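Enquirer: Listed here are the chains, written in short residue letters.
2 protein chains.
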Amino acid sequence: MNLNSANDAFVAKLRSHISEAAIRTVEPRYLEEPRGKWQGQAGVVVAPANTEEVAAAIRAAGDARVGVIPYGGGTGLVGAQIMPEGPAPMILSLERMNTIRGVYPEENVIVAEAGVILQEIHEAAGAAGRLFPLSIAAKGSARIGGNLSTNAGGVNVLRYGNARDLCLGIDAVLPDGSIMHGLTRLRKDNTGYDLRNLLIGAEGTLGVITAAALKLAPRPQETGTALLVVNGPAAALDLLSLARDQVGEAVSSFELIDGQGFDFLADTLPDIRRPFDPAPPWMVLVELGLSGGAGAQAALERLFGAGLETGLLSDGVLAHSGAQRDALWEIREQIPEANRRVGSVSSHDVSLPLSEIDGFIAAARAALAQLGDFRINCFGHLGDGNLHYNVFPARGRTRADYPGMGPRVQERVHEMVVARGGSFSAEHGVGRLKTGDLERWGDPARLAAMRAIKAALDPLGIMNPGAVLTAGG
Amino acid sequence: MNLNSANDAFVAKLRSHISEAAIRTVEPRYLEEPRGKWQGQAGVVVAPANTEEVAAAIRAAGDARVGVIPYGGGTGLVGAQIMPEGPAPMILSLERMNTIRGVYPEENVIVAEAGVILQEIHEAAGAAGRLFPLSIAAKGSARIGGNLSTNAGGVNVLRYGNARDLCLGIDAVLPDGSIMHGLTRLRKDNTGYDLRNLLIGAEGTLGVITAAALKLAPRPQETGTALLVVNGPAAALDLLSLARDQVGEAVSSFELIDGQGFDFLADTLPDIRRPFDPAPPWMVLVELGLSGGAGAQAALERLFGAGLETGLLSDGVLAHSGAQRDALWEIREQIPEANRRVGSVSSHDVSLPLSEIDGFIAAARAALAQLGDFRINCFGHLGDGNLHYNVFPARGRTRADYPGMGPRVQERVHEMVVARGGSFSAEHGVGRLKTGDLERWGDPARLAAMRAIKAALDPLGIMNPGAVLTAGG
Numbered sequence: 001m002n003l004n005s006a007n008d009a010f011v012a013k014l015r016s017h018i019s020e021a022a023i024r025t026v027e028p029r030y031l032e033e034p035r036g037k038w039q040g041q042a043g044v045v046v047a048p049a050n051t052e053e054v055a056a057a058i059r060a061a062g063d064a065r066v067g068v069i070p071y072g073g074g075t076g077l078v079g080a081q082i083m084p085e086g087p088a089p090m091i092l093s094l095e096r097m098n099t100i101r102g103v104y105p106e107e108n109v110i111v112a113e114a115g116v117i118l119q120e121i122h123e124a125a126g127a128a129g130r131l132f133p134l135s136i137a138a139k140g141s142a143r144i145g146g147n148l149s150t151n152a153g154g155v156n157v158l159r160y161g162n163a164r165d166l167c168l169g170i171d172a173v174l175p176d177g178s179i180m181h182g183l184t185r186l187r188k189d190n191t192g193y194d195l196r197n198l199l200i201g202a203e204g205t206l207g208v209i210t211a212a213a214l215k216l217a218p219r220p221q222e223t224g225t226a227l228l229v230v231n232g233p234a235a236a237l238d239l240l241s242l243a244r245d246q247v248g249e250a251v252s253s254f255e256l257i258d259g260q261g262f263d264f265l266a267d268t269l270p271d272i273r274r275p276f277d278p279a280p281p282w283m284v285l286v287e288l289g290l291s292g293g294a295g296a297q298a299a300l301e302r303l304f305g306a307g308l309e310t311g312l313l314s315d316g317v318l319a320h321s322g323a324q325r326d327a328l329w330e331i332r333e334q335i336p337e338a339n340r341r342v343g344s345v346s347s348h349d350v351s352l353p354l355s356e357i358d359g360f361i362a363a364a365r366a367a368l369a370q371l372g373d374f375r376i377n378c379f380g381h382l383g384d385g386n387l388h389y390n391v392f393p394a395r396g397r398t399r400a401d402y403p404g405m406g407p408r409v410q411e412r413v414h415e416m417v418v419a420r421g422g423s424f425s426a427e428h429g430v431g432r433l434k435t436g437d438l439e440r441w442g443d444p445a446r447l448a449a450m451r452a453i454k455a456a457l458d459p460l461g462i463m464n465p466g467a468v469l470t471a472g473g
Numbered sequence: 001m002n003l004n005s006a007n008d009a010f011v012a013k014l015r016s017h018i019s020e021a022a023i024r025t026v027e028p029r030y031l032e033e034p035r036g037k038w039q040g041q042a043g044v045v046v047a048p049a050n051t052e053e054v055a056a057a058i059r060a061a062g063d064a065r066v067g068v069i070p071y072g073g074g075t076g077l078v079g080a081q082i083m084p085e086g087p088a089p090m091i092l093s094l095e096r097m098n099t100i101r102g103v104y105p106e107e108n109v110i111v112a113e114a115g116v117i118l119q120e121i122h123e124a125a126g127a128a129g130r131l132f133p134l135s136i137a138a139k140g141s142a143r144i145g146g147n148l149s150t151n152a153g154g155v156n157v158l159r160y161g162n163a164r165d166l167c168l169g170i171d172a173v174l175p176d177g178s179i180m181h182g183l184t185r186l187r188k189d190n191t192g193y194d195l196r197n198l199l200i201g202a203e204g205t206l207g208v209i210t211a212a213a214l215k216l217a218p219r220p221q222e223t224g225t226a227l228l229v230v231n232g233p234a235a236a237l238d239l240l241s242l243a244r245d246q247v248g249e250a251v252s253s254f255e256l257i258d259g260q261g262f263d264f265l266a267d268t269l270p271d272i273r274r275p276f277d278p279a280p281p282w283m284v285l286v287e288l289g290l291s292g293g294a295g296a297q298a299a300l301e302r303l304f305g306a307g308l309e310t311g312l313l314s315d316g317v318l319a320h321s322g323a324q325r326d327a328l329w330e331i332r333e334q335i336p337e338a339n340r341r342v343g344s345v346s347s348h349d350v351s352l353p354l355s356e357i358d359g360f361i362a363a364a365r366a367a368l369a370q371l372g373d374f375r376i377n378c379f380g381h382l383g384d385g386n387l388h389y390n391v392f393p394a395r396g397r398t399r400a401d402y403p404g405m406g407p408r409v410q411e412r413v414h415e416m417v418v419a420r421g422g423s424f425s426a427e428h429g430v431g432r433l434k435t436g437d438l439e440r441w442g443d444p445a446r447l448a449a450m451r452a453i454k455a456a457l458d459p460l461g462i463m464n465p466g467a468v469l470t471a472g473g
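Which chain is which? The protein sequence lines are A and B, in order. Going by the numbering used here, the first sequence wraps up at 473, each residue one higher than the last. Going by the numbering used here, the second sequence wraps up at 473, each residue one higher than the last.
A few chain A residues facing chain B, derived, Cβ under 10 Å: (1) Arg187; (2) Asn190; (3) Leu206; (4) Arg244; (5) Pro444.
To be clear, the hints were calculated from the coordinates, so they are not data collected in a lab. None of these values were measured; they are calculated from a predicted model. Quick reminder that beta carbons are idealized off the backbone N, C-alpha and C, glycines included.
Put together the whole structure using the sequences plus the hints.
Expert: Below, the structure is given as structure tokens:
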């Protein structure tokens, strides 16, 4: 199944199927991605105004056997939105499909087109007195279609689930250009195969999501936020159990913070206020969101007291204002930027069964010490078992001092994760970065079924070729 | 793709692939279903001891082109577990795979084989101080594999989601006999297509789930239950909003009860105590489950007071003991049995966007009055938008007095549901009962994709032939 380039002849044909306004200049922003690992290429960028135009563009690409790269906010971290080689594709940007079609506060539902920016969905939900809980660092530029296509995670998964859990229905264009209408606002609908969840997380390889009906949640009436110094990852998990015993589902976030992350902030972003100095080895950022009259501050103080008493924690700061809350979140949210400035040897987005986390962290540190002298910043969504396990040069050295080491570190980390029943991609997806990992670690029967589904729905192989599944596989 | 009967020659071959203990007598219980709509048939029943034997049996069936009917507890209401015609199939019962493989309270996870009865999972979770929230009337005989294959719903979906939302990972045997290993205990795993959710709800047509890792929840420390007399379905939904404003996710159940259901109980099961006489037109059964110290009784009383004040409700009883709570639930749970004794003209399991419910109930009553003289019992999981909309003969008449009327009533109801953006099968599935509805009301692109996936994964068409998708389609 050889594809063709989206050349001038193709663009000329495209013009007969979609409006002129949908044909865009191939600006550099479409060809870059946040980590600078790849340089993309494209023969044309199209930005359809509606689902029918998406369908027309995909049908044209199918007729011409041109690859299609669906493009949301461009914030993905595994290269699903970038075609670095092969015949130049058509980039299909959802940026013009940016209408919020309806907010139904009494149903706790919002219906948005795929190109709406995540932050705008937050704002529309908030204006209706509701919460759209999906929240990631890139919320100001990520678009909801991309969030769904990659099944985005973030800081509220613990309580509200990931993008998949927040989606009730989708409209999508399938690889043959047919439109699948499924923008239902239903909580229950058992009428056949779950194609919604098949497209969610398929990273654009099985079709393009063009609109979604999303779940909203009641806004917690009181929020309590604290940064607590814990006696290690195991103590942190025990503290999470304690918190859930005390307040049930009200634990909205439970983020592990590594003392190494504090040190990186001190080195690269010194203006960010760090409440503890020197940095304790391990902290957690806890947020509770409670309903009316339940007393979030009191609940946090009770948790703090119980944590002190049981020896799970030794210190902490509680936010007493919105500004203090923002300051605590600023620490968490700037750690990825600090990491970027330090420059990792290898970064990992892994998940583990909760009871394997403590053992993994100890064993991985020991195993990597045998490979070289590293600093490790292990942080993230502890309550979900999701660690951003990032490995950095020793102080005073740079990644250039570790030639060829990145892949070795990565292999070792992924090997240890998989051996403990974990995943080598918890929330970022496979994209083009981890196709080799999927081949290596994926269950063979599952991979064969994935390939059979890909071939059945996209026999020409035009949708996001090379992402998730390798072409040759 | 003509299939063959599971005849003596096939059974003889089967014996060379699986242990003798797995070959069962074709007892009548395998050939009956709860509503007595169909009489099943089978050439052989196999009950494998483990996943490898399931795989061997399916490979043998594939070699001989014999149909396979996966069989859990036999409690399904749409005939997915029954083959009434065509070549006699192999019934594949999971009854011997009934081991709970592990309980991980610190992870809030339980791992169970597909044949474990739902009630046993409740008990194992309870023994570990946890809750497995999936709860349906048939919990004493339904098996978890069937619950997952049909994406079962029930009375706690409002808070905890349906079977799909409670499943972290599955092992399954695919139609080619390959074993897909995916029994992960992970909360996040973005490594390729979501085959778990594809198999969940596929009603055994794409493979057989053999084991599952399931989410547990903290047990609410206080439960409050009340039966409230509401001023109609719209008032009931407003009361639900009020309850959520007051206690957030703690609303575990919110069941609509129709005065007609009370009258049916009085007629057919008079020993069940009904707190209001005569029956009010509409009631809701509300249950709150709260964490430590939050005061469930007080919360219910506050809700009751606010409901009275705003005119949403006019009366109610609060349970003050476990026995009183059970008595309220007994009313709800015996309504289906009362319905069965009265004998419906047509029963429906529909869902609607919440804001369409009130209008639908009024419009459907008016539309059916034009078809004939009926009694309507409209009850169920209101918070999920899921109504069991059941239509009965007028008092003193029986369904025999309504010849040919069942399909007409059903068509009218489903037509009105679909026109309002609803579903003709909210939680029971498609099975063999609703394949015609799926053809008629299903989105064409979605149906085409379903057929393509079925053909890709089960090219011989051996898995549950005739369920969900019609063979000719």
